[in-house]
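Chemist: Guided by the hints, dock chain B onto chain A, whose structure is given.
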Amino acid sequence: MKKIFSVFAFMLLVLSFSVPAGAIEPDEILSDPALETRAREVSKQLRCVVCQNQSIDDSNADLARDMRLLVRDRILAGDSNQNVLDYMVDSYGDYVLLNPPFKTSTALLWLGPIIIFVLGFVAVGFYFRRRPDENITNTLNQTPLGDDERAKLEREFSAPSNDDDNNKGNSK
Amino acid sequence: MRRLIYIIPLLVLLGVGAASIVQMKSGVPANELPSVLIDRPVPDFTLAAIKGQEVGFSSEDLKGQVTLVNLFGSWCLACLIEHPFLMRVKEQNLVPIFGLDWREKTPDAGPRWLEKWGNPYTRIGDDPDSKGAISLGVTGAPESFIVDKKGIIRYKHIGPITPDVWDETLWPIIQKLKQERPEQ
Numbered sequence: 001m002k003k004i005f006s007v008f009a010f011m012l013l014v015l016s017f018s019v020p021a022g023a024i025e026p027d028e029i030l031s032d033p034a035l036e037t038r039a040r041e042v043s044k045q046l047r048c049v050v051c052q053n054q055s056i057d058d059s060n061a062d063l064a065r066d067m068r069l070l071v072r073d074r075i076l077a078g079d080s081n082q083n084v085l086d087y088m089v090d091s092y093g094d095y096v097l098l099n100p101p102f103k104t105s106t107a108l109l110w111l112g113p114i115i116i117f118v119l120g121f122v123a124v125g126f127y128f129r130r131r132p133d134e135n136i137t138n139t140l141n142q143t144p145l146g147d148d149e150r151a152k153l154e155r156e157f158s159a160p161s162n163d164d165d166n167n168k169g170n171s172k
Numbered sequence: 173m174r175r176l177i178y179i180i181p182l183l184v185l186l187g188v189g190a191a192s193i194v195q196m197k198s199g200v201p202a203n204e205l206p207s208v209l210i211d212r213p214v215p216d217f218t219l220a221a222i223k224g225q226e227v228g229f230s231s232e233d234l235k236g237q238v239t240l241v242n243l244f245g246s247w248c249l250a251c252l253i254e255h256p257f258l259m260r261v262k263e264q265n266l267v268p269i270f271g272l273d274w275r276e277k278t279p280d281a282g283p284r285w286l287e288k289w290g291n292p293y294t295r296i297g298d299d300p301d302s303k304g305a306i307s308l309g310v311t312g313a314p315e316s317f318i319v320d321k322k323g324i325i326r327y328k329h330i331g332p333i334t335p336d337v338w339d340e341t342l343w344p345i346i347q348k349l350k351q352e353r354p355e356q
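Taken in sequence, the protein lines are chains A and B.
Counted the way the working numbering counts, the first sequence spans residues 1 to 172.
Counted the way the working numbering counts, the second sequence spans residues 173 to 356.
Isolated chain A, as found in the complex:
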């Protein structure tokens, strides 16, 4: 039992250090590990244009494979990561980037959630602030007690407790 547990623990340990391999076939990998790392980095930022929401690094679609190979070709040819991304954006537009850049056409996309949050916050604020406000204004706006009311009030408070029944009846 203890042995099974330790094997299981070892497996967990190994798995926790492993990196997901993506969809890359062994024949695609560049021999220079530094360049391959860069290619992986770029691939992870590029959308597979024939899939719904996968990077070309994750997708095993034919076109994704060709895009991965093109990324590697261009890196080998001396392109910077940004050059490669720019090349893809030139053909496919911002859509090819999994993280759309912030610009006027995407401002609503990025700021929308913040705007909605702020609006919600303001609405909640109004909701909770209104009540005490109303109480204060209501008190201030009340017409002062008339002479007969004041006299009655004084009578009620100063009345000794032997007049209990009468007291109850009047206060309501």
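Check the hints yourself; a few may be wrong.
Pairs of lysine-lysine, DSSO-like flavour, derived with a Cα cap of 27 Å [to be verified]: (1) LYS44(A) / LYS223(B); (2) LYS328(B) / LYS277(B); (3) LYS262(B) / LYS348(B); (4) LYS235(B) / LYS350(B); (5) LYS44(A) / LYS103(A); (6) LYS328(B) / LYS103(A).
In case anyone wonders, no lab produced these hints; they're calculated from the structure.
Predicted, not measured: the structure shown is a model, and the values here were computed from it.
Modeler: Showing chain B alone in chain A's frame:
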């Protein structure tokens, strides 16, 4: 009076509903992204000839006349649907068609397909690794581009060219572009 505020969500919902109905009635598919390449020069590419032919084609070949660039593959069923129509365009000499033979599994597949069904293309470039297709922002076959005399992409059509698409959209654009002067 303040109760009116509770109507706002209903109004927003009605607004969204109305907007989607307008969108649906307009006939423009919501998921079709306009190509970023429209009104930009054809990206640079040079494609080798397919097996059995002498010349491939490069983006330079598209300058000087209005052309239709068509991406096809022998594996692509929808390409076979538009193929008879492309043959008619060629027979009537309406516009030169330049073909990208995309992602053939073997070098023989493309030539054999053209031999069987006919070759409507003025020139064909072999694109086995999608270099041409990716530079044109292609997501599937068939896709066609109308390129003007200056080598600038003016229109992109996704999917097979049907007689309706040709009569209503592509041919009017081509006719208009043919009247443009090559140098402007």
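Chemist: Looking at the structure, which of the earlier hints fail to hold?
Modeler: 1
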